[in-house]
Amino acid sequence: MLIDDLELELNDYVIREIRKDHYLELFQLYKSNPYYFSKIQDHEIRYEECINDLIEIPPNTRRNQKQYIGFFHDGKLLAVMDLIEGYPKREVVFIGLFMIHGEYHRLGIGKNIVNSLIRCSRKKGLKRIKLACIKENTISQIFWKSLQFIEVDRCINKKTDEKYWNLIVMEKEL
1 MLIDDLELEL NDYVIREIRK DHYLELFQLY KSNPYYFSKI QDHEIRYEEC INDLIEIPPN
61 TRRNQKQYIG FFHDGKLLAV MDLIEGYPKR EVVFIGLFMI HGEYHRLGIG KNIVNSLIRC
121 SRKKGLKRIK LACIKENTIS QIFWKSLQFI EVDRCINKKT DEKYWNLIVM EKEL
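Just so we're aligned: the sequence shown equals residues 1 to 174 in the UniProt record's numbering.
Everything labelled a hint here was simulated from the structure, so no lab data went into it.
Computed from a predicted model, the values in this text were never measured in an experiment.
Among these hints, one or two may not hold up.
[Unchecked claim] No farther apart than 27 angstroms at their CA atoms in a straight line, the calculated lysine-lysine pairs in the DSS-like style are these:
| id | residue 1 | residue 2 |
| --- | --- | --- |
| 1 | Lys-89 | Lys-130 |
| 2 | Lys-89 | Lys-145 |
| 3 | Lys-145 | Lys-66 |
| 4 | Lys-89 | Lys-135 |
[As the list claims (entries may be wrong)] Label pairs and their computed distance ranges (CB to CB):
| id | residue 1 | residue 2 | range |
| --- | --- | --- | --- |
| 5 | Glu-91 | Pro-34 | 20 to 30 angstroms |
| 6 | Lys-89 | Lys-135 | 21 to 31 angstroms |
| 7 | Tyr-47 | Tyr-104 | 32 to 42 angstroms |
| 8 | Asp-74 | Ile-156 | 20 to 30 angstroms |
| 9 | Gln-28 | Ile-139 | 12 to 22 angstroms |
| 10 | Ile-139 | Asp-42 | 28 to 38 angstroms |
Think of the CB as a built atom: it goes at the ideal place given N, C-alpha and C, for glycine as much as any other residue.
Take the sequences, apply the hints, and build the full model.
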């Protein structure tokens, strides 16, 4: 799994799958990103919504393909990444979510983590990294484009709560 390779690559961080004892820290990290949540829903993030992210998987995937990992530094959760290996194709890793704690934006943490993911994915023989951005989240699009991710598609995705999202699908060839 990529988590093992990331641990070796990013030795400044303790990298762990998010578990129950991390839920409160995860919720605080989510709450520190009101801009993101203002683009996807009409209310502040709720604890239950935060926890649901841990278990949601895309269609036609198995639970063991998903890793919801936290990046800890000096005991503080600085970032989370939802990775699905082998989705939508075997040679692809899909980033379902990548979020940095709001207090640590624009410090290079995100770019460092993603560049490490790129190197680890290449070493593992994967061919591309794929993700989808909410169209209205321009900050996210700028971030991913700065890492040479390119737009490959646009689509509308319907969540179970009947909310429709306009998505920009992006990928990076490895």
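* Taking the beta carbons of Tyr-47 and Tyr-104, is their distance inside 32 to 42 angstroms? -> violated (22 angstroms)
* Asked: Is it true that the CA of Lys-89 sits at most 27 angstroms from the CA of Lys-145?
  -> Holds, at about 22 angstroms.
* To do: Take the C-beta atom of Gln-28 and the C-beta atom of Ile-139, compute their distance, and say whether it sits inside 12 to 22 angstroms.
  => For Gln-28 and Ile-139 the Cβ distance comes to about 20 angstroms; the hint holds.
* Asked: Between Asp-74 and Ile-156, does the C-beta distance stay in 20 to 30 angstroms?
  -> Given range 20 to 30 angstroms: violated, Cβ gap about 41 angstroms.
* To do: Check the following: the C-beta atoms of Ile-139 and Asp-42 are separated by a distance inside 28 to 38 angstroms.
  => violated (19 angstroms)
* To do: Given the hint of 20 to 30 angstroms, check if Glu-91 and Pro-34 actually sit that far apart at their C-beta atoms.
  => Since Glu-91 and Pro-34 have Cβ atoms about 36 angstroms apart, the given range 20 to 30 angstroms is violated.
* Restraint check for Lys-89 with Lys-130, where alpha carbons must lie at most 27 angstroms apart -> holds (10 angstroms)
* For the pair we were handed, Lys-89 and Lys-135, check the Cα-Cα distance against 27 angstroms. => holds (23 angstroms)
* Within 21 to 31 angstroms or not, the Cβ separation of Lys-89 and Lys-135? -> Check passed, 24 angstroms falls within 21 to 31 angstroms.
* To do: For the pair we were handed, Lys-145 and Lys-66, check the Cα-Cα distance against 27 angstroms.
  => With Cα atoms ~24 angstroms apart, Lys-145 and Lys-66 stay inside 27 angstroms; holds.
Hint compliance for this structure: hints 5, 7, 8 and 10 are not met, and every other hint is.
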